[in-house]
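2 protein chains.
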Amino acid sequence: MTGTGEPSRAVAPRRVPPRPLPVAVDTMGGDHAPGEIVAGAVDAVREHGVRLVLVGQAPRIRRELDRYGYVGKIPIVHADEALDMGEGALASWRKPRSSIAIACHLIKQGRASALVSAGTTAGVVATSRLRLKGQQGVMRPAIAVTLPTRPRPTILLDAGATADVKAETLVQFAALGTAYAQILLGPDRPTVGLLNIGAEAGKGNKLAKRAHELLAGGNHGIEFAGNVEGHDLLSGRVDVIVTDGFTGNVALKTMEGTIGAAFTEIRDAMTASPAARMGALLQRRRLQDLRDRLDPDTYGGGVLLGLNGTVVIAHGASRARAISSACELAHRLAAGRIVERIREQVAATRTSRFGRWTHGERDGRENPERADGAAKPPAETPPPPREPAGDTVPDRKEPPAVP
Amino acid sequence: MTGTGEPSRAVAPRRVPPRPLPVAVDTMGGDHAPGEIVAGAVDAVREHGVRLVLVGQAPRIRRELDRYGYVGKIPIVHADEALDMGEGALASWRKPRSSIAIACHLIKQGRASALVSAGTTAGVVATSRLRLKGQQGVMRPAIAVTLPTRPRPTILLDAGATADVKAETLVQFAALGTAYAQILLGPDRPTVGLLNIGAEAGKGNKLAKRAHELLAGGNHGIEFAGNVEGHDLLSGRVDVIVTDGFTGNVALKTMEGTIGAAFTEIRDAMTASPAARMGALLQRRRLQDLRDRLDPDTYGGGVLLGLNGTVVIAHGASRARAISSACELAHRLAAGRIVERIREQVAATRTSRFGRWTHGERDGRENPERADGAAKPPAETPPPPREPAGDTVPDRKEPPAVP
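Protein sequences, first through last, are from chains W and G. Positions 1 to 403 (the UniProt record's numbering) are the ones given, in order, by the first sequence. Positions 1 to 403 (the UniProt record's numbering) are the ones given, in order, by the second sequence.
Chain W extracted, bound-state conformation (with noise of 0.2 Å):
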């Protein structure tokens, strides 16, 4: 693959058959910016053949090109600052000209399709909440990780974009599971559990009481497969598994801690003898296959649904193999028109029985063309004019619980 080899500007109109837009990947976030961000870049593009856009300070992203003999070969956007791993999510505001603000902007502009960033979770999704807005009728972002189940793996969402959530929102969340599954995984209807603390309808809190009603009673394009409980996120009993990104959170670092612990243990059982020791020299390859396939550095990362473009956020502790990947799921995304997908998804969510949602019309965003051709509820307000490029408007607020 090669780019423009021209740093700095703009990636040049291209002639039929359109090639995909580049991903966009921020440079400087992550433990290990820009070395093995580069690294992860190169491979991408040298053994999957993925267009991208290197954002961040263009002498440094150089000198680290050159090390592959790729400089001039990944076109490069300059951008003056970048987020601290120690910074949260007030950096986004402070820092307009960082390389997570520049990719974004290159989405807006249409000129990147997507962006990768290993920066710290809260400055790269309160940034990209503010340069890239959320899309029309969804309520609030979540974040989808992959988990790794066999023989294929589950989605689990919100992993911890929005901590509180109302049931409605969840119903949301299963709409973006849905489109992202779709795309990720293949099945035309992939199931959704909702993440609960009984099987039975009538269990859990209030929010998930009230969501499991709103599931069940079905027409709103979700395969809905019941409550799943903590044991199922490595069970592979659905698709895609919701709850709200508080719980999200708390399951995932659970599961990653347990990984790790379980590892532990077990080194240290497999080498607290001399026999032991000789059994675990004959098994080492095998076990370092397992190790590598749940290591979050592998499988992990998480990507922000429900935003005007797609962002696949890395762990911070990314190499650049798990660089490399994030490129090429997010390049998957978004040949696979995820932002689209989702809107017609979210909209079976409110032409269904939910169709006394607001949400979408308090907006003031409702999409005028209706892809599914369903009846378009009444608009009460004129979709606004388009913002500015680069404006500071904050998150939008949930509108108010529908009694």
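None of these hints come from the bench; they were simulated from the model. Treat each hint with caution, since some may be false.
Because identical chains cannot be distinguished in the list, a pair is counted as satisfied if it fits within a single copy or across any two copies.
Below 27 Å or equal to it, Euclidean Cα-Cα: the simulated DSS-like pairs (lysine-lysine) are [what the hints assert, rightly or not]: (1) K108 with K73; (2) K209 with K166; (3) K133 with K108; (4) K166 with K206; (5) K209 with K133; (6) K108 with K209; (7) K133 with K95; (8) K206 with K133; (9) K95 with K166; (10) K166 with K73; (11) K73 with K209; (12) K108 with K95; (13) K206 with K108; (14) K166 with K133; (15) K73 with K206; (16) K133 with K73; (17) K166 with K108.
We have chain W already, so just place chain G on it with the hints.
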């Protein structure tokens, strides 16, 4: 150890030194009842010198005791009914003569110190809340579980007794956990962490943020160590982890499910090739030890805290060994005066700057004699007369949040 040898009879009063009251064992609850339950009880008496009274269908219990030559050596209290493993909370109303209800009755009468059951959690919690009632001043009960951390265990609560809580309830759970940890683990000031989705104070959902404020406010007799995250469940960073019953249950089941999945994967990896199989043979014993230590059936089971009596809930799949451990634990908690300790610890949270809380008074059960000698808040209502035994007053309502 010997019992009175008389079934269906009260345990006779004892000479000095007063022997501790026996632990009531529900022999009818659990997947392997009554066989494994009675086997575990015999083990607890024979190996650990725990005094017991067996509650359930007397002829069946006697038949099981006969296998070990223990007929007449452990007292039996007959109960006609038993909660089925499929029955939930409603059964506690329908079956006032169930083995769990009778065991609660023994505690209320002062004939037993504690209850051990391997019945369904929902059934045991509902029946014992109904029969034993909430302890004075305690807003909601919580299930505390002991996680298999090293070098010493971490206690997690609530693991599922109360799904919807207020921030003030979480402060009380911290008090319950502190009292429990003092008996189980020993330290004068056990450290308490709040389960959250970030280390900093401002992280989390509304509930967690508010609970952090209250706990960090200090002067409540709790050694608050700040927020902990999902991966701290097995890190051993704190002695006690506090959360609501929904999040706690999801986290616990996620941990159990992940341990199970990790062992399955590792077993597959270890036997995938002839060399690896040879290795596995050499490690067999060590890995079995580890498997046992991380098996919920060994470390598992919860303690329902906050009622007028100690209730140990063993896993439904408990075998004799787990029941024997549960009997030992119940004995230890009763000997450590867990109910009194909780009363003192909860009183300390109310005589702190949170003295404005009114749940003690609203309950109408403010304790007239204060163990800590602190200023008694003004009583709004006189203490009501004690409820008659075997009544069916519904669970107390949590008082409204203090604005």
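Checked hints:
Taking CA atoms no more than 27 Å apart as the test, K108 paired with K73 passes inside one copy only; the shortest distance there is 24 Å, against 80 Å between copies. Proximity of K209 and K166 under a CA criterion of 27 Å is satisfied in both settings, with 11 Å inside one chain copy and 18 Å between copies. For a Cα distance limit of 27 Å, the shortest separation of K133 from K108 inside one copy, 10 Å, qualifies, whereas the shortest one across copies, 60 Å, does not. In this assembly of identical chains, K166 and K206 lie within 27 Å of each other by CA distance both inside one copy and across copies; the values are 10 Å within and 13 Å between.
Taking CA atoms no more than 27 Å apart as the test, K209 paired with K133 passes between copies only; the shortest distance there is 26 Å, against 30 Å inside one copy. For the identical chains of this complex, K108 and K209 are neighbours neither inside a copy (38 Å) nor across copies (34 Å), given an alpha-carbon limit of 27 Å. Proximity of K133 and K95 under a CA criterion of 27 Å is satisfied intra-copy only: 17 Å inside one chain copy versus 56 Å between copies. Taking identical chains as interchangeable, the C-alpha atoms of K206 and K133 lie at most 27 Å apart only when they sit on different chains, with a minimum of 23 Å there against 30 Å within one chain.
With identical chains, the CA atoms of K95 and K166 are never at most 27 Å apart, being 32 Å at best within one copy and 37 Å at best between copies. For the homomeric pair K166 and K73, neither the shortest alpha-carbon distance inside one copy (47 Å) nor that between copies (57 Å) is at most 27 Å. For the identical chains of this complex, K73 and K209 are neighbours neither inside a copy (54 Å) nor across copies (48 Å), given an alpha-carbon limit of 27 Å. For the homomeric pair K108 and K95, the shortest alpha-carbon distance inside one copy (18 Å) is at most 27 Å, but the shortest distance between copies (64 Å) is not.
When the C-alpha separation of K206 and K108 is checked against a cutoff of 27 Å, the pair qualifies neither within a copy, at 39 Å, nor between copies, at 33 Å. In this homomeric assembly, K166 and K133 come within 27 Å of each other (Cα to Cα) only inside a single copy, at 20 Å, whereas the closest approach across copies is 33 Å. With identical chains, the CA atoms of K73 and K206 are never at most 27 Å apart, being 55 Å at best within one copy and 48 Å at best between copies. In this homomeric assembly, K133 and K73 never come within 27 Å of each other (Cα to Cα): the closest approach is 31 Å inside a single copy and 73 Å across copies.
Neither within a single protomer nor between protomers do K166 and K108 lie at most 27 Å apart by alpha-carbon distance, with minima of 29 Å and 42 Å respectively.
Violated hints, listed in ascending order, are 6, 9, 10, 11, 13, 15, 16 and 17; each of the other numbered hints is respected by the structure.
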